[in-house]
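**Q** The primary structure of each chain is shown beneath.
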Amino acid sequence: MLFNSYIFIFAFLPVTLITYFLLLKFQKITEAKYWLFFTSLFFYAFGNIKYSLLIMCSILVNYFISDFLMKIKDSSKRKILFYVAVVFNIGLLCFFKYMDFFIENINWVFGSEIGLLKIVLPLGISFFTLQQLAFVIDVYTGQAKENKFIDYGLFVTFFPQLVAGPIVHYKEIIPQFQSKDNKVFRSESLSVGIFIFVLGLFKKVIIADTFAPFANEGFNKVGDLHFFSAWGTCLAYAFQIYFDFSGYSDMAIGLGAMFNIKIPANFKSPYKSTNIVDFWSRWHITLTNFITAYIFTPIVRSMPKMTFPYMMLSMFLAMTIAGLWHGAAWTFVIFGVLHGAAIVVHHNWKKYKIKLPTYVSWPMTFIFVSMCFTMFRAKTVGSALKVYKGMFGLSGFQMPKGILSTDFMNSVGIKYGPRMINDENLHLGMIILCLVLVKRYKNSFELYQGFKPTHKLALLSSIMFVFCIFGLNRLTEFIYFNF
Amino acid sequence: MTKFNRLFFIYFGSLFLVAYGLIVAVDPYDKLGINLFGFKTKAVASSRDNKFYMLESSKTNYEAFIIGSSTAHKYHTEDLERLTGLKTFNYAVQHTTPEDYVAIINHIKSKFSPKLIVLQIAFVDLDKNYETDKILYSSPLKDFLGETSKNTYVKADIFSNNYITLDALRDTFRVILINLFGEIRHQYLEHGNYIPQKDGTGPIEVIQFSHNNWKLDENRVHLLKSIQSESRSSGIKLVVISAPLSIDHYNKIQADDHMREAFQLYKKTAREIFDEFHDFTNENVKNYNTKEYFGNSTHPTRKYSTIILEQIWSQK
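Top to bottom, those sequences are chains A and R.
Sequence positions in the first sequence follow this note's numbering and run 1 to 483.
Sequence positions in the second sequence follow this note's numbering and run 1 to 316.
For reference, chain A alone in the conformation it holds in the complex (with noise of 0.2 Å):
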């Protein structure tokens, strides 16, 4: 089920919601998690029920596991279930997301022709498998030492963030499950949840899916790209990916608090950082996070020794292992390559004490991120390479038809070239806005934080929810489904 659809928004969410506190209402606390867990588990399966038996196997494999190694006490029968548990996980997310990649990669070396299995990717398999690995390493390291059945069916499918994050940690989330606090219904909550919510949801519906055709004439047409059609795809899917994955995020987190549920912050205006390691401290924390402890600590950890070279191989590898985490296929691990060869890059400046003034770090980071976003969404590396030559004015200057006045561009030596999409000028327009957007103002963590429910954010709220509705008919997908 999409949280942009009406069906969530006006049958799922409100029953479910009801429900949830009218039980604890009733000191039905048990029954409580229990619904919250059925219904979260029919949110998955809605649309496609054949992967909730999936996600069922994998949380009771990984929930057998981790109680096990609560009650072992024995360390080498321990650290045999630990690594019997690390191969399920790993197992399992590369048979369901990386066979095909490795197939077609064994066929290109070595001129074999063994079958693809074409497989589908079951929906947020990324997501809940990384988020089970690390409760399971908290277990083994013993930073997770209770393991209630419920209380992890819950952690793993709390709707919310079951299909695209924020990745969270047991212990970020069930013990405000516990809480006497939560377990009564709480209008502030509710009040802070919908505006957050409702801002999401804008950012999904309103400008994510309006950038979603621009970047996809872009990308399905990457031969004919000149200079400005190529920077107009680049930019346009640099927002598209910041507002649906941001959209999402704000929507889990808003959902979160109407069910009294704090779910940690996943961006905090990326395109606002000066420098790459500042762009991965805003951008997908929680996968930040993740990365830092569950591979980069363990490959610091394992290699000779603790010094500045091996701490930047480290980081290259873990980012190379990051990029590949997104998708399997060439694209993404260039993608991670070149993110851990840009952080490599700029702790040396650092450590050479090069300091860039803002004006041109600035729109260093947003450009070279923008342009890796790029090499992210495009089908191959070859077509990701003819939009960075159109974006160097290897392909010419010409302008798409259609944008800004003819005379005036004719006035100053542009010339017309064919014409890439409708609209041209919207897209234009709603990249300028953006960009002021993002530089600008403040981001929906800040806005949580300092959310005071007055009557004009309740009519601005309203507006902006009324826009949505009007544009649910489109229904599309969040671009992160896809990882």
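None of these hints come from the bench; they were simulated from the model.
The C-beta atom is built at its ideal place from N, Cα and C for all residues, glycine as well.
Take the hints with a grain of salt, since some may be wrong.
Unchecked claim - Stretches of chain R that chain A covers, calculated by requiring three or more beta carbons in the stretch to come under 8 Å of a beta carbon on chain A:
1) 15-27
2) 164-171
Claimed, not checked - Under the rule of at most 30 Å between Cα atoms (straight-line distance), these lysine-lysine pairs were calculated in the BS3-like manner:
3) R:K237 <-> R:K111
4) A:K180 <-> R:K3
5) R:K267 <-> R:K142
6) R:K3 <-> A:K442
7) R:K303 <-> A:K389
8) R:K87 <-> R:K252
9) R:K267 <-> A:K389
10) R:K142 <-> A:K389
11) A:K262 <-> A:K272
12) R:K111 <-> R:K215
13) A:K379 <-> R:K3
Fit chain R to the known structure of chain A by using the hints.
**A** Leaving out everything else, chain R in the frame of chain A:
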């Protein structure tokens, strides 16, 4: 419940009702037959919607139809009526591919018993890289796509056919603004005819020459075959025209090896599919190399469109 929550729900309910009420009162696509404000035109929406509803509300018993993309806009129904004696409707809409033709013909057949269909196809129609216009899948024609059209659009839910859409909201305001202050941007006359336009001046601009990755779309070939076979079995005479291109456009294609081969393949495929295929994309077009005949390299004027129809019927 706090004041904020109450206000939010009250504001939302009121604003939604006002917006929806305004759409219904204006009825931008003429779906409901309401015109509370007595606006003169509602012709601001997509041509698919406009022509669909023109035909839905028409009381004329049309027997002949002109179908195609915007390149077929200028065929005047009077010309075809004069040549055939059949009451004609021009159902040409912008940015079409064979998926549109299937839906349009199915729509026509659901309401009329056509005797003649003049279908103008274009080189780009069979290009696999040329995407079907997504507007088709949100227009009322989507219900007429039929089995033969394999499309990938998300199946819309129960709300999709009503006026709760951003497009409807936008078009409502456009209808209001155009009727109160503006110029009518895009209007079809009776029988789907295009508004008369003055001939331009200067050289004919070569446009839409960006299909250098042209690749034959087998699915669309299949669709065109089904149009021909169903026309045959329904007793409809199908006359197919290859949309004319200006001589500069034609020469540009000939100068490029891949494009030239692709162009030949397109024409060969069309000839094999259709019983009656008229090719107006050849060197003879050099005799019509002024703005009197072409608005731009892919859009013939009314005058040239008349010449094409006359040439076809003079051969009969």
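**Q** Find the hints from earlier in the document that the structure breaks and name them by number, from lowest to highest.
**A** 7, 8, 9, 10, 12, 13
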